[in-house]
Amino acid sequence: MRLPEPFAGWFAARGWRPRPHQLGLVQSAAVERRSMLLIAPTGAGKTLAGFLPALTELAPTGRRNRPEPGAAATGVHTLYISPLKALAVDIERNLAQPVAEMDLPVRIETRTGDTPQHKRQRQRSAPPEILLTTPEQVSLLLANPHAERMFSDLRYVIFDELHSLVTSKRGHLLALALARLRRLAPDLVTIGLSATVAAPEDLRRWLVAQPREGTAMAGLIEIAGGAKPDISLLEASERIPWSGHSARYAIPGIYAAIKAHRTALIFVNTRSQAERLFQDLWRINDDNLPIALHHGSLDAGQRRRVEAAMARNELRAVVATSTLDLGIDWGDIDLVIHVGAPKGASRLAQRIGRANHRMDEPSKAILVPSNRFEVLECRAAIEASRVGAQDTPPPLSGSLDVLAQHVLGMACAAPFAASDLYAEVISADPYADLDEATFERIIAFVATGGYALRSYERYARIRQRPDGLWRVANPQVAQQYRLNLGTIIEAPMLNVRLASRKTGNAGPRVGRGGPVLGQVEEYFLEQLTAGDTFLFAGKILRFEGIRENECLVSNAYNEDPKVPSYAGGKFPLSTYLADRVRSMLADPDSWQALPDQVHEWLDLQKGASMLPRRDELLIETFPEGKRHFLVAYPFEGRLAHQTLGMLLTRRLERAGARPLGFVATEYSLAVWAIADIGAMIGSGRLDLVDLFDEDMLGDDLDAWLADSWMLKRTFRNCAVISGLIERRHPGKEKTGRQVTVSADLIYDVLRSHEPDHILLQATRSDAATGLLDIRRLGDMLKRIKGHLVHRPLSRVSPLAIPVMLEIGREIVSGEAQDAILAEAADELLATALGDQQTGPDEP
Amino acid sequence: MNQATYRAAAREPADDMRQSEIELNGTAAVCACEGVLYLPGSQLLAVSDLHLEKGAAFARRGLLLPPYDTAATLSRLNAAITRFQPKVVLSLGDSFHDRTGSAHLPDLYRTALQALQRGRDWIWIEGNHDPDPPVGLDGECCREFNVETLVFRHEPLPRATTSEATMAAGTAGAGTAGEVAGHLHPVARVVRRGKGVRRACFATDGKRMLMPAFGATTGGLLLEHPAIRPLFDPARLVAHLIGGQRIYSIPARRLAG
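Quick mapping for you: the protein sequence lines, in order, are chains A and B.
Using the working numbering, the letters of the first sequence map in sequence onto residues 1 to 843.
Using the working numbering, the letters of the second sequence map in sequence onto residues 1 to 257.
No incorrect hints appear here.
Negatives, chain A to chain B, calculated, CB over 12 Å: (1) G24; (2) R93; (3) M102.
Just some of the chain B residues that point at chain A, by a computed CB distance under 8 Å: (4) G62; (5) L65; (6) A71; (7) V190; (8) R192; (9) T217; (10) G219; (11) L241; (12) Y248; (13) I250.
Sample of chain B residues facing chain A (criterion: CB under 7 Å; computed from the structure): (14) A59; (15) R60; (16) L64; (17) P66; (18) P67; (19) Y68; (20) D69; (21) V197; (22) A216.
By construction, these hints were calculated from the structure, which means they are not laboratory data.
If you're wondering where the values come from, they're calculated on a predicted model, not measured in any experiment.
The beta carbon of each residue, even a glycine, is placed where N, CA and C say it ideally should be.
Use the sequences and the hints to build the structure in full.
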């Protein structure tokens, strides 16, 4: 096919030819009216392709049936939804140019959280042809009584970066919004734009309404990747550390790489790694290269300045977390350096791909592992990239807390019949398997909390009218819904304000009035006392105290900050990379590709203990100090290992091994005990097969879960998303008297009185795939059945050293808290304080 | 999770760890791990900031918190009363989370509360959340209550200056010596080896006391907060933290390790 005018002329005037996928999309979406998924690497003209069907349709007449003066305005023609508001703004700019050049009669507008009120109102009364927005704004618009008028003419919905949306609760909310859009405009066509993923079928199902029986899928256009990226491991002559995440050994190498390139983008996994790396680079930056720092907690003005300088090509390097992300124009980056574990092959490919916006040139990347196991992981990622393997996580089934939020929003839009809404909800792919009974419970939850003790009937938020339709009880409910909307729950944050330190008669005082450097999590500050130093915004800061909901800090000049803030990455190592690492360990021939010191490390392990086959789980036991250790190497990520460690400890306690504690890393876990675990296994008193049996995921798990802080944190998120407790808004935090509700306490009360409450069910199923990673642990226990190998050793093995070094670094868990209190109280007994009139009166 | 923790979880507390026996402005008092203060001399059990019907109070505003907080609070109160068998129970204000709380109290809970009141005197101190007497419940209502050398009131008074304190010495009811108050929900934070733990606590410098909030879903305010810090003599301030099954008594200056 050919593009119609003026498009054909516009392409020709620039000496371009429409690419086949651009033509294909116009044919399928505009001519055949089929929903489509377009998978293409960056630089392939994906975004323009996405808009072409809509633009060709709008070109001849502009607004279809342009209304007579006084007639009702026509609704939005095309909705574009992006995960980032910056991306929506960027697209507006990029799209405005061709639209202006072709003189298309099309109005394009953005709508984000920053859009002023008067503009929002105008968008409702006179909608633009093309509206560019974010998922939350779509839900907000749909919860409005005017939603039907605004969207009933909708022809296209374009989802950008669809792969990054579908794996989160945000994607669940968006899927429900799409189901509603389809009801308002049954003929709409969806177009999904995505990077390469492991299972395109997941996205193709997501894009279209699912029938009650069987499945439906959008069409697919897939463009093979451009040039393969050129990825290498950083060559370092320094010793690669056993454990830790600082990558300090590699700083000279990273600096040399920056010097040898035009502009380098340096990705790290966590904010505190970014802070530390930035600090370390400037310490050796003798050439005063312009190196900048960018992460989500920094002040927004500061971030905008870095992005602008980047776009003007004024920087040589930017150290960034993933906030500087997703297809925004950053100028000429010719090198990506990835510090730390890549975690997943697709994740790495997407990060690298973002740097290079020209499809046909290879992107260049250097991986910098921060410890020896990460060397293996990096090597596995490089090989995965060579064969183009993908390991994007599968989408999860729809969360119930998100559904509760959506149900309330739909009641705000218009009264609904439960059966109609149920039919609409299950047409969304994530909710296709939702049963009607659960849906009814969600309605009851939204109405009165859904408690067995039905004492809130009179406080219902939604009520059933005599005709059976559900409506909101009063206008405040809609107001509350709008304030609570969204699925992204930030940890409570405090502003960090720089203040001067003054020395006066009354000793040093802290002045006021310095700049705000950014925000930091409240829980991190909880651990600090005045005088502690920490890294933030590229500076070493001294914590002075908290005043009126701000954290006051002053400049400190010590070399080493006292308090590290590393709390581990959020994402576990992908199962795909884990499998590759295991097969690498099992195959000594592949060690040639590893740095010498890592190669030698594995050789030593082979001599001292063994290296398991790919399908085996190696379990080593050995004494160390006065303790007996059991170390296992499942390679399933820290979260799954933590859960496993807790369960093993319970079982070892029952078996009489007297375990004392455990520590988990991404790759392995260690349990230590008073009894000789190795001897117990050898004598048959302890059966390894029983110890690692899948049945640990039954009663033991339930018993432990009850008190787990991870479950409480998960509950808090579910409680906010579902509207049970209010979202905390910046500037409205607790003041003076504490009357805010504590999610932890609510959890305790609910669990002891109604353990089967729908929100606790939602919490448990979230935790199973989130913080506890039970699903992955379950898969692992199945896999290793019959493949356990035990090596009793007389001393620690080379492979065990990294996990042994982690002991003592772990974060304090719920159960450990009483121990800390006891320690503090018992110090008193030891020092026998006699001067305390009100001191403890203990024997 | 380390060595200490695992053992601590399994350990049964010794009886004498469940409470801390102190002298408060000359009166013998017991800070109990149930979160109550007991005066053996007058057989009086004091409990502060019950915040009954907090869930319902939020529900009235459209936040449907679990309706079980009252049940949880009453069952813990029952346990404390069973252990100490007091002649007098004093509820130190904010007994109900809002003004309408007592009027709308479900019968189930009203009956349970009346059973606890049977056979003993009951004193409701007025709080800022519940300035009116509870509806349909027995008990004496007052702003302040004097017993032995102590005076119970909901909101603490600002700390007296030295001269005032000297003048007021020994006369309970004047100034802040002997004051037992609630209202502020004191919480102490203990930091050891870079790890912090927060717990509700009794805060006292030997002259006056802030009681922990008893309600099942009440949060707290750190001792360092400007609303609490100026109330006490910092050198003598001790926090009696409420642990799982015992009281941990730690001087304020040693909380941070």
